[in-house]
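*Asks:* Protein chains in written order, with our numbering: chain A, 8 to 577; chain B, 165 to 406; chain C, 37 to 314.
Rather than coming from a laboratory, the hints here were simulated on the basis of the structure.
All values derive from a computational prediction rather than experimental measurement.
From the three backbone atoms N, C-alpha and C, an ideal C-beta is built for every residue, glycine too.
Don't take every hint at face value.
Straight-line distance between alpha carbons at most 25 Å, and here's what the computed SDA-like set of lysine to any residue pairs gives [stated by the list, open to error]:
hint, chain 1, residue 1, chain 2, residue 2
1, A, K325, C, A102
2, C, K226, C, F245
3, B, K249, B, K215
4, C, K242, A, K24
5, A, K148, C, F245
6, A, K250, A, L274
7, B, K215, B, L392
8, A, K310, A, K485
9, A, K485, A, R554
10, A, K325, C, V215
11, B, K272, B, H284
12, C, K92, C, K131
13, C, K226, A, H499
14, C, K92, B, R325
15, B, K363, B, N218
16, B, K230, B, L254
17, C, K261, A, D430
18, C, K226, A, R357
19, A, K325, C, I222
20, A, K148, C, H50
21, C, K274, A, F136
22, A, K523, C, I223
Distance windows between CB atoms, simulated [as the list claims (entries may be wrong)]:
hint, chain 1, residue 1, chain 2, residue 2, range
23, A, I69, C, R194, 32 to 40 Å
24, C, F249, A, K250, 33 to 41 Å
25, A, N145, B, I393, 28 to 36 Å
26, C, T127, B, N201, 52 to 60 Å
27, C, V257, A, I270, 47 to 55 Å
28, B, V385, A, Q525, 52 to 60 Å
29, A, P323, C, I79, 31 to 39 Å
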Amino acid sequence: MPEEYPIILENVSFYYKDSRKPALKNINLKVRRGETVVLVGRTGAGKTTMIYSIGGIIPNYIKGRLKGDVIIDGMNTKEYSLYELAQHVGVVMEDPEAHIVAFTVEDDVAFGPCNLGLLREEIYKRIEFALEATRLTNLRKNNPYNLSGGEKQSLAIAGILAMRPDILALDEPTSMLDPLGRERIYNVLRSLKEKYGITMIFSSHDTERIVSLADRIIVLYKGEIILEGHPSKVFQEVDILEKVGVPVPSATKLAYLLRKDGIWNNLLPLTLEEIYNFLMKYINVKRYFTKHLEKQVKPKFIKPIIKIRNLIHMYPNKIMALRGINLDIYEGEFVALIGQNGSGKTTLARHIAGLLKPSNKDAEIVVDGLNIIKARMRDIIKKVGYVFQIPEHQIFHSTTREELEFGLRNLGFPENEIKKRVDEVASLLGLKGYENEWPLSLDRGKRFRIVLGSILAIRPKIIIVDEPTTGQDWNDSKYICEILRKINAEGHTIIMITHEMDLVASYATRVIALYKGQVLLDGNPRNVFTKLDILRKTWIQPPQITRLGLRLKLPSCFLTIDEFYDYLRG
Amino acid sequence: MDSVDYKKYILLSIILLISTIFNSNQSILSYSYMNNNREILQILCVDMENKPLNKAEVIIKDLNGKTVYNGTTNSTGWIYIELPKEKYILKILWLKTPVYMGNISLTKPLIEKIQCKVYHLTIAINLLYIIPVRHAKITIINTTSKKTVYTYIGEIKIPYRLYILSAEKTLRLPAGNYTVIVEMLNRQSQEINLNKSMKIVFPYIASFGSLFILICIIIAVISCICFLITGHKRTKVIKSNH
Amino acid sequence: MVLIEYEARDTIIHRLNSLSKLIWFSGIIFLLTLYLEPQPLLILFIFELFIGYLAKIPWRKILARAWWAFIFSIASGYSISLWVNQPSQFTNVPKEFACKVLIQLTPEGTPLLGYTAITYGGLLWGTAATLKISIAVIAACILSFSTSISDIIFLWSRFLPYRLSFIITAGMRFYPVMVDKTQEIIIAAKSRGWEISSRNPVKRVKSLFPIVFPAIREAVVLAEKMALAVEARAFGVKKPTNLRQISFTYSDFFFILFNVFITGILTYMWWFYGFGRL
Numbered sequence: 008m009p010e011e012y013p014i015i016l017e018n019v020s021f022y023y024k025d026s027r028k029p030a031l032k033n034i035n036l037k038v039r040r041g042e043t044v045v046l047v048g049r050t051g052a053g054k055t056t057m058i059y060s061i062g063g064i065i066p067n068y069i070k071g072r073l074k075g076d077v078i079i080d081g082m083n084t085k086e087y088s089l090y091e092l093a094q095h096v097g098v099v100m101e102d103p104e105a106h107i108v109a110f111t112v113e114d115d116v117a118f119g120p121c122n123l124g125l126l127r128e129e130i131y132k133r134i135e136f137a138l139e140a141t142r143l144t145n146l147r148k149n150n151p152y153n154l155s156g157g158e159k160q161s162l163a164i165a166g167i168l169a170m171r172p173d174i175l176a177l178d179e180p181t182s183m184l185d186p187l188g189r190e191r192i193y194n195v196l197r198s199l200k201e202k203y204g205i206t207m208i209f210s211s212h213d214t215e216r217i218v219s220l221a222d223r224i225i226v227l228y229k230g231e232i233i234l235e236g237h238p239s240k241v242f243q244e245v246d247i248l249e250k251v252g253v254p255v256p257s258a259t260k261l262a263y264l265l266r267k268d269g270i271w272n273n274l275l276p277l278t279l280e281e282i283y284n285f286l287m288k289y290i291n292v293k294r295y296f297t298k299h300l301e302k303q304v305k306p307k308f309i310k311p312i313i314k315i316r317n318l319i320h321m322y323p324n325k326i327m328a329l330r331g332i333n334l335d336i337y338e339g340e341f342v343a344l345i346g347q348n349g350s351g352k353t354t355l356a357r358h359i360a361g362l363l364k365p366s367n368k369d370a371e372i373v374v375d376g377l378n379i380i381k382a383r384m385r386d387i388i389k390k391v392g393y394v395f396q397i398p399e400h401q402i403f404h405s406t407t408r409e410e411l412e413f414g415l416r417n418l419g420f421p422e423n424e425i426k427k428r429v430d431e432v433a434s435l436l437g438l439k440g441y442e443n444e445w446p447l448s449l450d451r452g453k454r455f456r457i458v459l460g461s462i463l464a465i466r467p468k469i470i471i472v473d474e475p476t477t478g479q480d481w482n483d484s485k486y487i488c489e490i491l492r493k494i495n496a497e498g499h500t501i502i503m504i505t506h507e508m509d510l511v512a513s514y515a516t517r518v519i520a521l522y523k524g525q526v527l528l529d530g531n532p533r534n535v536f537t538k539l540d541i542l543r544k545t546w547i548q549p550p551q552i553t554r555l556g557l558r559l560k561l562p563s564c565f566l567t568i569d570e571f572y573d574y575l576r577g
Numbered sequence: 165m166d167s168v169d170y171k172k173y174i175l176l177s178i179i180l181l182i183s184t185i186f187n188s189n190q191s192i193l194s195y196s197y198m199n200n201n202r203e204i205l206q207i208l209c210v211d212m213e214n215k216p217l218n219k220a221e222v223i224i225k226d227l228n229g230k231t232v233y234n235g236t237t238n239s240t241g242w243i244y245i246e247l248p249k250e251k252y253i254l255k256i257l258w259l260k261t262p263v264y265m266g267n268i269s270l271t272k273p274l275i276e277k278i279q280c281k282v283y284h285l286t287i288a289i290n291l292l293y294i295i296p297v298r299h300a301k302i303t304i305i306n307t308t309s310k311k312t313v314y315t316y317i318g319e320i321k322i323p324y325r326l327y328i329l330s331a332e333k334t335l336r337l338p339a340g341n342y343t344v345i346v347e348m349l350n351r352q353s354q355e356i357n358l359n360k361s362m363k364i365v366f367p368y369i370a371s372f373g374s375l376f377i378l379i380c381i382i383i384a385v386i387s388c389i390c391f392l393i394t395g396h397k398r399t400k401v402i403k404s405n406h
Numbered sequence: 037m038v039l040i041e042y043e044a045r046d047t048i049i050h051r052l053n054s055l056s057k058l059i060w061f062s063g064i065i066f067l068l069t070l071y072l073e074p075q076p077l078l079i080l081f082i083f084e085l086f087i088g089y090l091a092k093i094p095w096r097k098i099l100a101r102a103w104w105a106f107i108f109s110i111a112s113g114y115s116i117s118l119w120v121n122q123p124s125q126f127t128n129v130p131k132e133f134a135c136k137v138l139i140q141l142t143p144e145g146t147p148l149l150g151y152t153a154i155t156y157g158g159l160l161w162g163t164a165a166t167l168k169i170s171i172a173v174i175a176a177c178i179l180s181f182s183t184s185i186s187d188i189i190f191l192w193s194r195f196l197p198y199r200l201s202f203i204i205t206a207g208m209r210f211y212p213v214m215v216d217k218t219q220e221i222i223i224a225a226k227s228r229g230w231e232i233s234s235r236n237p238v239k240r241v242k243s244l245f246p247i248v249f250p251a252i253r254e255a256v257v258l259a260e261k262m263a264l265a266v267e268a269r270a271f272g273v274k275k276p277t278n279l280r281q282i283s284f285t286y287s288d289f290f291f292i293l294f295n296v297f298i299t300g301i302l303t304y305m306w307w308f309y310g311f312g313r314l
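Turn these sequences into a full structure, and let the hints steer you where they fit.
*Replies:* Spelled out as structure tokens, the structure:
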């Protein structure tokens, strides 16, 4: 049995310590040797708990009540220690930083095998295997601190692979990564599957990518498996998936909508290729799209609210992050700032927020009439609010209320004004009832709202949000963007740094693409996403539906499935 | 004796008493009685560098050649002698060698500073000019008389300077021709004509300590050269630690 | 964290193994504790410059980063030397020379300060102290520039218990990560109007709380995650294999020999000849 099914979960339920709700409920699962299983589901569905259970972290490290049995390669996780299980199943956590313990890539990969007391020759063999499998051979002497996010995650995987486990369990390996990093990890996983036949189980929100990788998809909802099977089977259940908050690939959704109208009669496709062929046959591509869905807001005033001239920034390590940026942003715009990691997005955003100073004296940054370069921070934050990528870095107090009050207290607002504004913001963001909760005990989506709330309370005209959807599931990401749209509708200018092109397409009225410290493209999403050749430089891919439209050589650029569907329906 | 003679004696006594009172503060030494025939002679003996000569032998002879006094100077180079008022021959010896001969006429208390022909000889001992040698035997032989005038066995001090290259011993010798012999593990000698203060260097004296340092320096220099040569090209591993 | 980071270069010093360099460094530090006179320290200083030349040290970078260390060494050395003016403090230098007062600053009996003066002996001491710090800084820069941290860690893991050396390694590994996180926290707090404006020391300390707690929390969370990650990689289960080997080339051998003999000569001369004593 262990030969055929290295992972067996029998009636597994798990309750975290002091919790009455089960994180996993009556899970029965068998994974074949060499199979790649992907867990999908909303945040809190139980994906991480299941990964940790398979890896032996539960119950060896995380205490709670584990009912049922988790059998890994014939070993019950309740009876074996973590290190004994580690030679059969390797767990890679979401944050690769915690995995990396050495000062060179090679030493880090060797860490595990050295701890096992293996012979040197064996260790060197394992290092070579792990580096090759994760495409890190050329970086073996590099300091991990200097690696990109994708490379760090690859190194975390390599470190586990060097233990030569038969099973690899990864907890959201791509959630913290940019598109380039994600591409890298998926290629590594594909290579592990095809070349080495490793049994893999991992969780992901990236449904469009996993369809080609997964042999089986398991949909979790409130700790239970509600759907399971080959991707082509699972993604047929669009209703169920949407109900439980699992996004379906754009091609699948489009076909689903067409099926409702009786146009599509086959199994729902998973990839662009499948739907493209159908659309080529059945759609008249000479039909012109007459509706013009321009979302760009015409500027209310001729004068921009943000004016940047000749902005140059060089970091102390001589890296030129910005090379003479000239930009005007108008009031009421919802700007998406996109680009590969290192293109200068965060640097530009921090300059606008007054958190960085230009390297050149003749740079000009004026925000709502305030010269940011010369202004005091206390004056800047009344104009510009900045929400950082990691909410935990911006939570300074032990209750939600104190957190919402933090900025207002620093600025010396009177008590009654503080109370009034905090109540307003709590209502707007759905935080009523959580005022006395410890922010870190809440889920990630609420933490983001608390941080946003504490900035909104100050009422700045401009809000900059740095990758707000990192680590969030699709539903939470959309919810955050809905909040931003709501705030935008109230007159705030929003600048959002993101890698999620679907969200850019759905929410942004303007897209600025940066590349190597310069503005590569600037315009409304429709204009920007048609320039595929230019976007390719920055490793940005427009949304799947947009690519489909462009491939079909349709006269306009479709940003959402609904637009495309409307077009097809005439 | 008639009355006139008595008057002469009384007058002479009064005059002598008065002159004694006036002269009582003049000399460095206070003497409790007046001796009409003896005076104090104070001599300070110095060498040619004006440094006091202590334990210099002072001989005073009368004009007939008879020794009337024989003594040595104290630690500060002074000697105090009481002699009858006469003419004398003063002879000062250093290391049994006459370094001064002269006449003195002691008619009144006399303080004399006599510069003797004694010169400083500094002996610097090292190995190859760079390693001081701290222990040695020094023998100085008068070339003329073939007599050994000085012998020393013991520690040679290293004087404080910006650089330390030798141990040094400074002696005071009468002018003359000498053979200076320094011995440790080996022996080296030099002949000098000491007619002024001088320094002589013995650069080839070996002691255990200095030889040890020399060997270490040689090994260090050779290692450095070998390191520079071998370090510029990749060489085979000679030992690896399993 | 170090004044100058390791750069993988192909110089004669880089090619030496870490043990050779550690022996050299230990010898330097040992000699620095012995010598109080500037003359031998000057020789040592010139020697260090030569080693730095062989290692192709970026002197400008060191000066740019370590100028404060040199200023500190000069200031501290010469200010302490104001109290180096008593005959009992000198054994080798002639006392009348060493205690000769150039400028008297405070007379005997001055409260707190006592008798302070600039003397020849004090100047010698001050110069020696300045040279000591400078030599130590340069030697440390040469060591860190020419030796990768992995080699240094491997070396001390040979001498220290494995767990202890891992703790030190992990601390060094995560130090820049924690610095980055703390910087982010500070920037985030500043973007919410936080600043330390009060001159009252108690209030200043209190105003640091919003920064300190998240920083400590991040450190604890990171440490927990790391503990889990290393446990999953069998840490502490057995005596680990030493992957690295210390390989000796001829140049390592000659370099060690050279350093041992130089240290030996200078120590002998200090002991028997009073060379370097004040």
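*Asks:* All hints are to be evaluated individually against the structure, with a verdict given for each.
*Replies:* Hints versus structure:
1. Using a Cα cut-off of 25 Å, the hinted pair K325(A) and A102(C) holds, with the two alpha carbons roughly 19 Å apart.
2. Between K226(C) and F245(C), the direct Cα distance comes to roughly 13 Å. Compliance with the 25 Å bound is thereby established for this hinted pair.
3. For the hint pairing K249(B) with K215(B), the CA-to-CA distance comes to about 30 Å; that exceeds 25 Å, so the pair is violated.
4. For the given pair, K242(C) sits about 34 Å from K24(A) by alpha-carbon distance, which is inconsistent with the 25 Å threshold.
5. Straight-line distance between C-alpha atoms of K148(A) and F245(C) comes to about 40 Å, which puts the hinted pair past the 25 Å bound.
6. In summary, the hint linking K250(A) to L274(A) is supported, as the alpha carbons are separated by about 20 Å, within the 25 Å threshold.
7. For the proposed pair K215(B) and L392(B), the alpha carbon gap of about 54 Å is over 25 Å, so the pair is violated.
8. Proposed proximity of K310(A) and K485(A) is contradicted: the alpha carbons are some 31 Å apart, above 25 Å.
9. Using a Cα cut-off of 25 Å, the hinted pair K485(A) and R554(A) holds, with the two alpha carbons roughly 21 Å apart.
10. For the hint linking K325(A) to V215(C), the alpha-carbon distance of about 20 Å falls within 25 Å, and the restraint holds.
11. Between the alpha carbons of K272(B) and H284(B) the distance comes to roughly 34 Å, so the proposed pair goes past 25 Å and is violated.
12. The suggested pairing of K92(C) with K131(C) is violated, with an alpha-carbon distance near 43 Å, which exceeds 25 Å.
13. Distance hint between K226(C) and H499(A) is fulfilled; the C-alpha atoms sit about 21 Å from each other, no more than 25 Å.
14. A distance of roughly 35 Å separates the Cα atoms of K92(C) and R325(B); the hinted pair therefore is violated under the 25 Å criterion.
15. Proposed proximity of K363(B) and N218(B) is supported: the alpha carbons are some 22 Å apart, at most 25 Å.
16. Taking the CA atoms of K230(B) and L254(B), the gap is near 12 Å; set against the 25 Å cutoff, the hint holds.
17. A threshold of 25 Å between alpha carbons decides the hint, and for K261(C) with D430(A) the separation of about 36 Å lies outside it, so the pair is violated.
18. Using a Cα cut-off of 25 Å, the hinted pair K226(C) and R357(A) holds, with the two alpha carbons roughly 12 Å apart.
19. Distance restraint check for K325(A) and I222(C): the Cα-Cα separation of roughly 23 Å lies within the 25 Å cut-off, and the hinted pair is therefore satisfied.
20. A distance of roughly 15 Å separates the Cα atoms of K148(A) and H50(C); the hinted pair therefore holds under the 25 Å criterion.
21. Of the pairs offered as hints, the one joining K274(C) and F136(A) holds, with about 23 Å between alpha carbons and a cut-off of 25 Å not exceeded.
22. In summary, the hint linking K523(A) to I223(C) is supported, as the alpha carbons are separated by about 24 Å, within the 25 Å threshold.
23. For the hinted restraint 32 to 40 Å between I69(A) and R194(C), the CB-CB distance of approximately 35 Å keeps it satisfied.
24. For the pair F249(C) and K250(A), the supplied restraint of 33 to 41 Å holds, since their beta-carbon distance comes to about 40 Å.
25. Checked against the given bound of 28 to 36 Å, the beta carbons of N145(A) and I393(B), roughly 34 Å apart, stay inside it.
26. Hint check: T127(C) to N201(B), Cβ distance near 56 Å, so the stated range 52 to 60 Å holds.
27. At roughly 51 Å, the beta-carbon separation of V257(C) and I270(A) lies within the given 47 to 55 Å, and the hint holds.
28. Taking 52 to 60 Å as the suggested C-beta distance range, the pair V385(B) and Q525(A) conforms, at roughly 59 Å.
29. The given range of 31 to 39 Å is respected by P323(A) and I79(C), whose C-beta atoms sit roughly 36 Å from each other.
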